[in-house]
Amino acid sequence: MITVVYKGTEPLPDIQQLPSTLKVLHIELFIIPAESGYRAYMRLSTNIGIGWGELFIQQKEQPADWNAWCSSAPHYMGWVNLHTAAGSPRSENVRNPELRSLFDDAVRQVCRGQSHPESHQPSQAGYAELFRQSVFYLSLY
Numbered sequence: 060m061i062t063v064v065y066k067g068t069e070p071l072p073d074i075q076q077l078p079s080t081l082k083v084l085h086i087e088l089f090i091i092p093a094e095s096g097y098r099a100y101m102r103l104s105t106n107i108g109i110g111w112g113e114l115f116i117q118q119k120e121q122p123a124d125w126n127a128w129c130s131s132a133p134h135y136m137g138w139v140n141l142h143t144a145a146g147s148p149r150s151e152n153v154r155n156p157e158l159r160s161l162f163d164d165a166v167r168q169v170c171r172g173q174s175h176p177e178s179h180q181p182s183q184a185g186y187a188e189l190f191r192q193s194v195f196y197l198s199l200y
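Taking the working numbering, the leading residue of the sequence shown gets 60, the next gets one more, and so forth.
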C-alpha cells in the first residue's frame, strides 16, 4: 500500500526562517501504476533535508518513454535560490511542467521540514515498497 506523503497545499514557511539556498544532492523518481494512470513520486535529498513530491498522471497522458519524460531532471541538480523561486531558476527553461511541479513540491516539503521537524517521511519499509512497485525508477547524484 502506498500512502500520500505530501499533497503540496501548504505554503512555504516565513522566508526569514529559511536558508537562502539549498543544494540538491540526489533526486529519485518513482513511477508507480495506479488506477487509471500512474503516480509519480520524487524524493529530493538536499543539504538541509529530504522532501517528497507527488503527481498523478492519467493513462491518456502517459508518455511513450519515461526516460524522455524525465530527461530534464538533471537541470534540478545543484544550488537552488529559495528567495527567488520555489524551484531552480534554471528550471524555467525546462519543458516538462509536471516534473517542475514534482520538484517544487519536494522543495516546499524540504523547507517546511526545516520549520516543522515532525514532518512525515516514509519509513524504510514504505520506501522499499515504492521501489518494489515502480515500473520506472531514476536516480541522479
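Simulated from the structure, these hints should not be mistaken for lab results.
Wrong hints could be hidden among the right ones.
What the hints assert, rightly or not - Quick list of the computed label-pair ranges, beta carbon to beta carbon:
#1 S79 / A123: 33 to 43 angstroms
#2 N126 / L84: 34 to 44 angstroms
#3 R191 / L84: 19 to 29 angstroms
#4 E94 / G137: 32 to 42 angstroms
What you are looking at is a predicted structure, and each value in this text was computed from that prediction instead of being measured.
Quick reminder that beta carbons are idealized off the backbone N, C-alpha and C, glycines included.
>> Given a hint of 32 to 42 angstroms, does the C-beta separation of E94 and G137 actually sit inside it?
In response: At roughly 36 angstroms between Cβ atoms, G137 and E94 fall inside 32 to 42 angstroms, so the hint holds.
>> Quick check: does the Cβ-Cβ distance between S79 and A123 fall within 33 to 43 angstroms?
In response: With a Cβ separation near 40 angstroms, S79 and A123 satisfy 33 to 43 angstroms, so the hint holds.
> Measuring from beta carbon to beta carbon, are R191 and L84 in 19 to 29 angstroms?
Replying inline: holds, 24 angstroms
> Between N126 and L84, does the C-beta distance stay in 34 to 44 angstroms?
Replying inline: Violated, at about 22 angstroms.
Figure legend: structure checked against the earlier numbered hints; the only hint not met is number 2.
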